[in-house]
Each structure stands twice: as C-alpha cells, then as structure tokens.
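Residue numbers (my numbering): 4 to 724.
By construction, these hints were calculated from the structure, which means they are not laboratory data. Predicted model only: the values in this text are computed from it and were never measured. Hints are not guaranteed to be accurate.
Pairs of lysine-lysine, PhoX-like flavour, derived with a Cα cap of 20 Å [stated by the list, open to error]: (1) Lys599 <-> Lys651; (2) Lys210 <-> Lys452; (3) Lys232 <-> Lys210; (4) Lys392 <-> Lys452; (5) Lys704 <-> Lys452; (6) Lys290 <-> Lys136; (7) Lys210 <-> Lys64; (8) Lys206 <-> Lys232; (9) Lys136 <-> Lys162.
What follows is a set of in silico ranges between Cβ atoms, one per label pair, in the way DEER data are often shown [claimed, not checked]: (10) Ser409 <-> Lys440: 34 to 40 Å; (11) Tyr649 <-> Arg443: 41 to 47 Å; (12) Ser159 <-> Asp439: 29 to 35 Å.
Virtual Cβ for every residue (Gly too), placed ideally from N, Cα, C.
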Amino acid sequence: MKKLLLLLILFNSYLFANKSILIINSYHKGYEWSDKIIQGIEKEFYSYDNIDTSTLYMDSKRVTSNEYILNLENLYKIQLKNRKYDLIIVIDRFAYDFVLKSYKNLFTNEPILALGLENFSRKNLQKYNLEDKVSVLLEKRDLKGNTKVIQTLIPSIKKLYIINDKSTNAEHTEPLIKEFLDNFKGKYKLIYLKENNLDDLSKMFEKFEENTAALFIRFYKDSNGKLYKNNTISKFIQNSKIPIFVTDSMFIKKGAIGGRIIDLSIFGKTSGQMALDILENNKTNIKVFDELYYVFDALKLDQFTLAVNQLNDSYKIVNKRVTFYDKNRGFINFVFTISPILILLIIGLFHNIYLRKNTEKKLRQRIEFDSVLLNAIESPIFWQDDKGKIIDSNVKFCNFLELPSSKIYGKSLTQLENKNADIISDILEKYKKDKDKNNRFKYKISNDKKKIYFIKQASYCDSKTKIMGTVTIFTDITKEIENEKDNEKNQQFIIQQSKLAEIGEIFSSIAHQWKSPLVEITTIAQESFYNSNTDVLENQSYVKDIMTQVNYMNDTINDFQSFIVPSNKKSIFNAYDAIKSMLDIVEHNIKYNYIKINIDLKEDTNLNICGFRNEFKQSILNIVNNAKDELLNNEYKNRKIDMFFYNKNNKLIIKINDNAGGIKQKNIKKIFKAYYSTKKDGHGIGLYMVKMIIEDKMNGKLKVQNVKEGASFTIELESIK
Numbered sequence: 004m005k006k007l008l009l010l011l012i013l014f015n016s017y018l019f020a021n022k023s024i025l026i027i028n029s030y031h032k033g034y035e036w037s038d039k040i041i042q043g044i045e046k047e048f049y050s051y052d053n054i055d056t057s058t059l060y061m062d063s064k065r066v067t068s069n070e071y072i073l074n075l076e077n078l079y080k081i082q083l084k085n086r087k088y089d090l091i092i093v094i095d096r097f098a099y100d101f102v103l104k105s106y107k108n109l110f111t112n113e114p115i116l117a118l119g120l121e122n123f124s125r126k127n128l129q130k131y132n133l134e135d136k137v138s139v140l141l142e143k144r145d146l147k148g149n150t151k152v153i154q155t156l157i158p159s160i161k162k163l164y165i166i167n168d169k170s171t172n173a174e175h176t177e178p179l180i181k182e183f184l185d186n187f188k189g190k191y192k193l194i195y196l197k198e199n200n201l202d203d204l205s206k207m208f209e210k211f212e213e214n215t216a217a218l219f220i221r222f223y224k225d226s227n228g229k230l231y232k233n234n235t236i237s238k239f240i241q242n243s244k245i246p247i248f249v250t251d252s253m254f255i256k257k258g259a260i261g262g263r264i265i266d267l268s269i270f271g272k273t274s275g276q277m278a279l280d281i282l283e284n285n286k287t288n289i290k291v292f293d294e295l296y297y298v299f300d301a302l303k304l305d306q307f308t309l310a311v312n313q314l315n316d317s318y319k320i321v322n323k324r325v326t327f328y329d330k331n332r333g334f335i336n337f338v339f340t341i342s343p344i345l346i347l348l349i350i351g352l353f354h355n356i357y358l359r360k361n362t363e364k365k366l367r368q369r370i371e372f373d374s375v376l377l378n379a380i381e382s383p384i385f386w387q388d389d390k391g392k393i394i395d396s397n398v399k400f401c402n403f404l405e406l407p408s409s410k411i412y413g414k415s416l417t418q419l420e421n422k423n424a425d426i427i428s429d430i431l432e433k434y435k436k437d438k439d440k441n442n443r444f445k446y447k448i449s450n451d452k453k454k455i456y457f458i459k460q461a462s463y464c465d466s467k468t469k470i471m472g473t474v475t476i477f478t479d480i481t482k483e484i485e486n487e488k489d490n491e492k493n494q495q496f497i498i499q500q501s502k503l504a505e506i507g508e509i510f511s512s513i514a515h516q517w518k519s520p521l522v523e524i525t526t527i528a529q530e531s532f533y534n535s536n537t538d539v540l541e542n543q544s545y546v547k548d549i550m551t552q553v554n555y556m557n558d559t560i561n562d563f564q565s566f567i568v569p570s571n572k573k574s575i576f577n578a579y580d581a582i583k584s585m586l587d588i589v590e591h592n593i594k595y596n597y598i599k600i601n602i603d604l605k606e607d608t609n610l611n612i613c614g615f616r617n618e619f620k621q622s623i624l625n626i627v628n629n630a631k632d633e634l635l636n637n638e639y640k641n642r643k644i645d646m647f648f649y650n651k652n653n654k655l656i657i658k659i660n661d662n663a664g665g666i667k668q669k670n671i672k673k674i675f676k677a678y679y680s681t682k683k684d685g686h687g688i689g690l691y692m693v694k695m696i697i698e699d700k701m702n703g704k705l706k707v708q709n710v711k712e713g714a715s716f717t718i719e720l721e722s723i724k
C-alpha cells in the first residue's frame with residue numbers, strides 16, 4: 004500500500020512537474036467567500052509538490068473606478084513581466100471581465116479557469132478571440148429549490164422576501180432572479196429587495212410576522228456603495244425575527260435557517276480538481292456546479308418551530324444539542340477499555356441504550372407527528388398546570404402572543420410582561436367569573452383587523468404524575484358572527500322592500516282611481532269647448548290650462564308609482580339621471596320651502612354604477628329630506644343643498660352638503676345605528692337603512708362629517724365602464 008502511494012505521488016510529481024498557477028481574486032484577502040474557495044483549491048493541490056500558486060487581490064468590493072482598473076492593468080504589466088504561467092484562475096465576475104479585456108496586454112497563451120460566475124456567454128469570448136482558452140465552473144444558486152424548501156417548512160406562507168444587493172455580481176444574478184420571478188407560480192407573494200440598506204432591512208425584520216420568510220442571496224454593498232462586513236451581515240441575520248434562508252454556506256451556523264446550499268469548501272475542491280484536469284488534458288470545459296446540499300441549523304429551527312422532517316430529501320443538521328453520550332464518550336471508552344470484568348454489564352447497558360434510543364426514536368416520531376398535527380390546527384391552544392404556568396402550546400398560540408415558545412413555557416400569563424399576554428389574562432379572569440356571559444372576546448390581530456374568538460376550557464389530569472391542569476382553546480368565530488349580521492341586514496332589507504312593495508300597491512290603486520276622473524275631466528273640457536258659443540280663443544286657453552294640469556297630475560302619479568316600486572335585481576344605471584329624476588318628484592316641496600339645490604357635475608365624469616336603482620334614489624331622498632327638515636330652522640334666504648359628482652381612482656364620488664348647522668358631535672357616531680333617529684337633530688332619521696343599501700347592496704361606502712356650515716355626506720361607488 005505504501006509503495007502504491009509513493010508511486011502515485013511520484014507519478015503526480017512527474018505529470019505536473021514545475022507547474023505555475025496564477026490566481027486572480029476579485030476581492031481582498033480576508034473576504035470569506037473567496038478565501039474559502041482558495042482554501043479548497045490549495046487543499047486539492049497540497050499533495051503536488053511541484054505546483055506553485057501565486058495570488059493577486061483586486062479589492063473590487065472597495066474600489067471599482069475606471070482609473071483604478073487602468074492603473075491596476077499597468078501595475079500587473081510590471082508584476083507579470085517575464086512571468087509564464089500554465090493556468091490563470093480567476094475568481095468571480097470582476098476578475099473574469101478584467102482578464103478578458105487585458106489578456107493580450109498581460110498574457111500570451113495561458114488557459115483560463117473562471118470560478119463563481121452565475122451566468123456565461125460565449126459571445127464575450129468570441130469578442131476577445133478566447134473561445135479555446137476559457138473553462139468555467141458556474142455557481143448557480145438554486146432559487147426554485149430553496150423556495151420549494153421554504154414552502155415545505157412553512158406550508159401556509161403568505162410572503163417571501165428575496166434579498167440582493169447593488170454590487171456588480173448582483174447585476175449578473177439579476178437575469179436569474181428575473182427569470183425565476185417571471186416563472187413563479189406559487190400562491191404567496193414575492194417581494195424583491197435590492198435598493199435598501201442594512202439598517203432598513205434590520206428595521207423591516209425586527210418584528211415577528213406570521214407566515215413570512217426571507218431568501219438571502221447576498222447583501223455586501225447597498226445602493227450608496229457602503230460595504231458591509233460579514234460579521235455585520237451575520238448579526239442582522241441572527242437578530243431577524245423572521246426565518247432567513249440562504250443559498251450558500253457563508254452564514255450557516257451564523258443565524259441562517261439553512262436551505263439548499265452551495266458549500267464553498269466543496270466548490271473550491273471541485274475547482275481544484277477541474278484545474279488539475281486542465282493542466283493534464285489542456286482542454287476547455289464549461290461545467291455547472293451541481294453538488295448542492297440541504298443543511299439546516301437546529302437552534303434556528305427550534306426558534307421558529309419548523310419541522311424539517313417534512314422534507315423528502317436527505318439533509319444535514321448543524322448546531323445539534325449535545326447528548327449525554329457525546330459529553331461522556333471518553334469516560335465510557337475508558338471504562339470499556341480497563342474493565343473487562345464489566346463486559347457483560349456494558350453489553351447489557353448498550354442493550355438498554357439501544358432499547359432506549361429505539362423507544363426515544365418512536366417517541367420523538369410520535370411527538371413530531373402530534374406537534375405537526377397540533378400546529379396544523381388554526382385555533383390557538385395552550386396547556387397550564389394547576390399553578391397557571393404554561394407547559395405547552397401550538398405555534399398559533401405563540402403567534403397569538405407574538406412571542407417564541409422559549410419565552411412562554413414555564414411562566415404564567417401575568418409573568419410574561421407582554422401586552423397581548425395581559426389582555427388574554429384579563430379575558431380569562433372574566434371568563435372564570437361568568438363562563439356564559441364572557442365566553443367571547445374581540446382580539447386585534449393587526450392595525451386594522453379584529454377577530455372574534457370563542458373560549459373553551461377543559462381540565463385534565465396526567466395519569467402518571469397526577470398533576471392537574473387546564474387546556475384552553477380559542478376558536479375563531481368571526482365569519483359566523485359576520486354571517487349572522489349579514490342575515491340580519493338582509494332581513495331588514497327584505498322587510499324594507501316588502502314595505503315599499505305594499506306602498507307601491509297603494510300607489511297603483513290610487514293611480515287607477517285617479518286616471519278615470521282625469522279622463523272624464525279631459526272629455527268634459529273638450530266637450531265644453533266644442534259646444535260653447537263663447538270666444539274660441541278664450542276657450543282654447545281654458546282647455547289648454549286644464550289639459551296642462553291633467554297631464555301634470557298624470558305624469559306625477561306615474562313617476563311616484565315607478566319610484567316607489569322596489570327593484571327586483573341589480574342593474575347598471577346613471578347615478579346623476581337617477582338622482583335628477585328623484586329631485587323632479589320633490590321639486591315643488593323643495594321649491595316652496597325656499598331651498599336651493601346646486602349640482603356640480605365635473606366634465607367627463609363616469610356616472611354609471613351597478614345596484615338597485617329605486618333603493619338608491621330612496622336613499623338619496625332620505626338624505627335630502629333630512630337636510631330639508633333641518634333647513635326649515637334657517638332663514639328662508641339661507642337654505643341650500645350642494646351636490647358634487649366626480650371620479651377618483653375609478654370610483655364615483657357623490658357629496659351632499661347642506662348649511663343646516665351640522666349634526667351634534669355626541670350623535671354623529673350614532674346616526675347609522677339600527678332604530679336610531681331624532682327629529683331634533685335631523686340627519687339621523689332612517690340612516691341605518693340608507694347605509695345598509697349603499698354599503699351592502701351597492702358595494703359602496705357612506706361617510707358623514709360636519710363641515711363649515713352643516714353636514715356633509717360622502718358616497719363612494721364603483722364606476723362601471
């Protein structure tokens with residue numbers, strides 16, 4: 004075996020006799036990413052005594068100006084003069100582009116091996132006539148594979164940030180990211196971050212956000228050119244309150260969750276093997292580095308309660324908790340070595356350990372299964388012992404309190420010093436006093452959203468320890484409550500339509516009773532005209548006046564009959580025409596009360612809306628009548644109602660302002676409540692039904708506020724093209 008090894012070393016020495024390799028590094032010494040690759044290359048060259056390597060550092064993270072590149076080329080001309088190399092290894096894009104442009108000035112016929120590129124174009128080589136000189140080991144980050152991992156570990160994910168920087172490398176990664184974003188078919192939201200600085204990102208991720216994660220590609224330089232050190236970036240990743248996944252091994256064990264990564268040491272080793280192959284065969288080769296591994300940090304998985312065993316692929320776990328056997332392995336080996344008498348005991352011990360491990364494995368599988376099952380339940384659930392200390396919960400409860408499990412377990416709600424925990428504690432105290440009255444509560448889950456939860460508690464007793472405790476479940480009943488309210492509103496709407504239908508039948512009966520006398524009056528007037536011997540012109544004038552009044556009465560009763568009949572289905576109609584026809588009906592009432600109605604219709608306003616036309620007209624009439632009743636308290640020369648029609652953000656805005664003095668502040672929050680009305684304050688009469696029609700039946704919004712001289716109602720509806 005020793006002879007074979009000696010022969011192999013001698014063969015390698017002969018094969019690679021006096022080979023000289025120049026490594027041109029895009030970055031500075033101490034930059035961990037490129038240093039690890041160089042270490043891997045040099046480790047691969049270690050057994051070859053006759054391979055000599057030299058390294059030049061271009062420091063492109065700090066300086067990238069054209070003047071710098073020009074001076075660098077002049078410096079390298081002097082350094083490399085009369086030097087002959089068997090291979091040029093360039094690390095990353097900056098060095099690669101530099102060598103292509105300066106090749107004729109610096110080198111003669113040396114082959115090139117480019118490492119760390121994320122995309123590659125042969126056109127560039129043709130431009131410099133170097134097609135037969137360049138080999139490439141492409142480093143392609145697996146964006147698709149990592150998003151698949153993230154979706155597996157966080158099945159209900161809603162938002163994923165992709166973090167990149169403004170460096171030259173980032174520009175070359177951009178096409179890969181753009182292609183990924185364009186072809187992304189996931190149901191959650193992707194947010195691409197590259198314009199921020201590290202302080203912005205730290206503030207963005209300083210608070211826990213449920214069902215959210217980030218995929219870190221790189222962030223060494225921000226848009227202002229500021230260069231961040233690895234320990235600064237590591238601190239940002241470590242302090243993030245959302246899980247951050249990575250695409251290479253730079254930040255494994257430094258705060259990242261993990262992911263499907265490129266191991267830089269293995270990448271360096273593969274680069275070294277490829278360099279040896281070029282020296283031996285002198286052939287170019289374009290290769291994609293595909294030795295990617297799944298690696299995860301156990302501490303970060305625990306922090307965010309992520310179950311990695313859901314992955315179908317094999318994976319590696321780092322930062323595992325040290326077991327008793329690991330801590331005492333030396334002592335156990337020592338005992339095993341010096342104590343032959345205890346062999347049988349040790350065999351028995353190992354047998355027991357085996358059984359224990361096997362049992363632990365089954366128990367762990369069961370616990371993991373129960374944990375996954377429990378965490379799949381949307382309701383927050385937690386266990387308390389007889390002293391009120393929390394001993395276990397599901398992830399939903401941790402998210403409920405916005406605290407990790409490590410800060411919750413072993414403490415009572417009052418000991419957590421957390422606003423959400425204090426709220427839950429007060430709610431449960433009220434529940435204990437009266438379980439039937441206080442079994443529901445509202446809980447704020449975001450700045451603009453609240454949910455209603457139903458409390459259910461049950462006592463339990465551990466069969467082994469005999470410890471008593473309580474299980475509490477909060478069930479989300481928001482949708483059920485909203486459905487009840489919608490049913491109640493629909494019932495009110497049906498009742499309102501029923502009343503309008505009854506009134507419509509009465510008007511139909513009145514119209515029928517009116518039309519016969521009107522026909523008689525018309526006939527009598529015409530007969531009187533033809534049989535009379537008096538002045539013809541005078542009779543014509545009388546008959547014309549009679550016919551005008553008869554037609555007016557006939558049109559009025561027809562308008563009222565059409566107006567009062569409830570709409571049986573939604574339709575598209577012109578809002579301005581509908582309101583104008585309503586105002587024509589009440590024109591005399593408004594006019595004889597000395598009220599002036601001004602209409603401001605902006606040019607090119609889209610007035611088409613969809614809904615129940617007659618109910619809409621009745622809603623506007625209700626607002627106008629309330630304003631009219633209150634305006635009667637004003638001097639008759641100072642009574643006005645202003646209406647404004649205009650579009651904003653594809654919406655039709657209708658504003659109705661009066662100068663009746665406004666609504667009392669104490670009543671302005673009550674006027675839209677069911678059954679609330681006060682003739683004294685005017686505007687509140689029947690506005691509950693108005694709001695329900697506008698918002699529930701017309702899919703719009705209705706707001707009221709006091710303006711300078713009175714009240715202002717704003718109606719916002721969807722414009723239909």
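What hint numbers does the structure not satisfy? 1, 3, 4, 7, 9
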